[in-house]
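Chemist: Residue numbers (our numbering), protein chains in the order written: chain A, 27 to 141; chain B, 20 to 135.
There may be inaccurate statements among the hints.
[As the list claims (entries may be wrong)] Okay, derived cross-link-like pairs now, DSS-like style, lysine-lysine, Cα gap no bigger than 25 Å in a straight line: (1) A:K62 <-> A:K45; (2) A:K48 <-> A:K67; (3) B:K22 <-> A:K62; (4) A:K62 <-> A:K48; (5) A:K67 <-> B:K22; (6) B:K92 <-> A:K66; (7) B:K35 <-> B:K92; (8) A:K44 <-> A:K62; (9) B:K92 <-> B:K22; (10) A:K67 <-> B:K92; (11) A:K66 <-> B:K35.
Calculated from the structure, these hints are not laboratory results.
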Amino acid sequence: ETGVTQTPRHLVMGMTNKKSLKCEQHLGHNAMYWYKQSAKKPLELMFVYSLEERVENNSVPSRFSPECPNSSHLFLHLHTLQPEDSALYLCASSQGQGSGANVLTFGAGSRLTVL
Amino acid sequence: AQKITQTQPGMFVQEKEAVTLDCTYDTSDPSYGLFWYKQPSSGEMIFLIYQGSYDQQNATEGRYSLNFQKARKSANLVISASQLGDSAMYFCAMREPSGATNKLIFGTGTLLAVQP
């Protein structure tokens with residue numbers, strides 16, 4: 027496995043379900059991110075973890091709960107979601123400081139549909 | 020606040036021709052980074068090219084080049100010799116000032132269709 031892997035790729039859930047999205051990176055990076063991509067809107071940064079500590083939480087509703095147990099894994103726990111939460115959820119990782127050409131490496135995303 | 024604007028929702032280009040995708044940005048920070056990503060229908064965001072605000076020369080990566088006009092706050096992506104596989108969404112992004120992480124803000128994207 028190389029790069030950033032996200033599972034599942036597709037998820038359909040009801041509003042009362044509890045599910046989790048998983049992200050794993052094999053790049054040795056120390057920062058991980060969750061972005062939400064909705065139709066016709068810019069990507070929205072949801073959470074940032076640096077060295078397994080949450081450093082950013084962009085006013086995301088509490089029905090989204092992130093977890094970063096180690097520098098290689100990132101989860102997004104979902105519960106009692108709303109239909110407007112249907113979107114593509116992208117995980118990314120990067121190495122440390124935001125300077126120079128340090129790039130975000132993205133996974134292929136988890137397409138979430140809330141019924 | 021930082022902002023990225025992509026005014027072209029969609030573009031068509033003939034195979035083997037060059038195409039320019041527009042991007043303007045707004046920031047008050049003198050130090051920033053500009054990125055272009057490609058997102059094919061598979062969903063993965065693929066990094067294409069980077070331009071630093073203090074870089075003297077326009078960035079180039081193979082068929083991709085970035086037309087960086089600092090005074091105009093524009094960072095247009097030029098794709099030369101378009102290929103069918105270039106059909107995808109293209110996003111311009113800017114790195115917000117941050118210390119330990121590499122947060123990016125994105126534009127709304129341009130859908131490029133390469134025609135045979």
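Chemist: Now look at each hint and say whether the structure bears it out.
Modeler: Hints, one by one, checked against the model:
Proposed proximity of K62 (chain A) and K45 (chain A) is supported: the alpha carbons are some 16 Å apart, at most 25 Å. A C-alpha spacing of about 23 Å is found between K48 (chain A) and K67 (chain A), which places the hinted pair at or below 25 Å, so the restraint holds. Only pairs whose Cα atoms come within 25 Å are accepted, and K22 (chain B) paired with K62 (chain A) is accepted, the gap being roughly 17 Å. At most 25 Å may separate the alpha-carbon atoms for a hinted pair to count; K62 (chain A) and K48 (chain A) meet this at roughly 14 Å.
At roughly 13 Å between alpha-carbon atoms, K67 (chain A) and K22 (chain B) fall within 25 Å of each other, so this suggested pair holds. Restraint check for K92 (chain B) and K66 (chain A): satisfied, since their Cα atoms lie roughly 23 Å apart, inside the 25 Å limit. In summary, the hint linking K35 (chain B) to K92 (chain B) is not supported, as the alpha carbons are separated by about 29 Å, beyond the 25 Å threshold. Simply put, K44 (chain A) and K62 (chain A) have alpha-carbon atoms about 18 Å apart, close enough for the 25 Å limit, and the pair holds.
Annotation: proposed proximity of K92 (chain B) to K22 (chain B) holds, straight-line Cα distance about 11 Å (limit 25 Å). A distance of roughly 22 Å separates the Cα atoms of K67 (chain A) and K92 (chain B); the hinted pair therefore holds under the 25 Å criterion. For the given pair, K66 (chain A) sits about 29 Å from K35 (chain B) by alpha-carbon distance, which is inconsistent with the 25 Å threshold.
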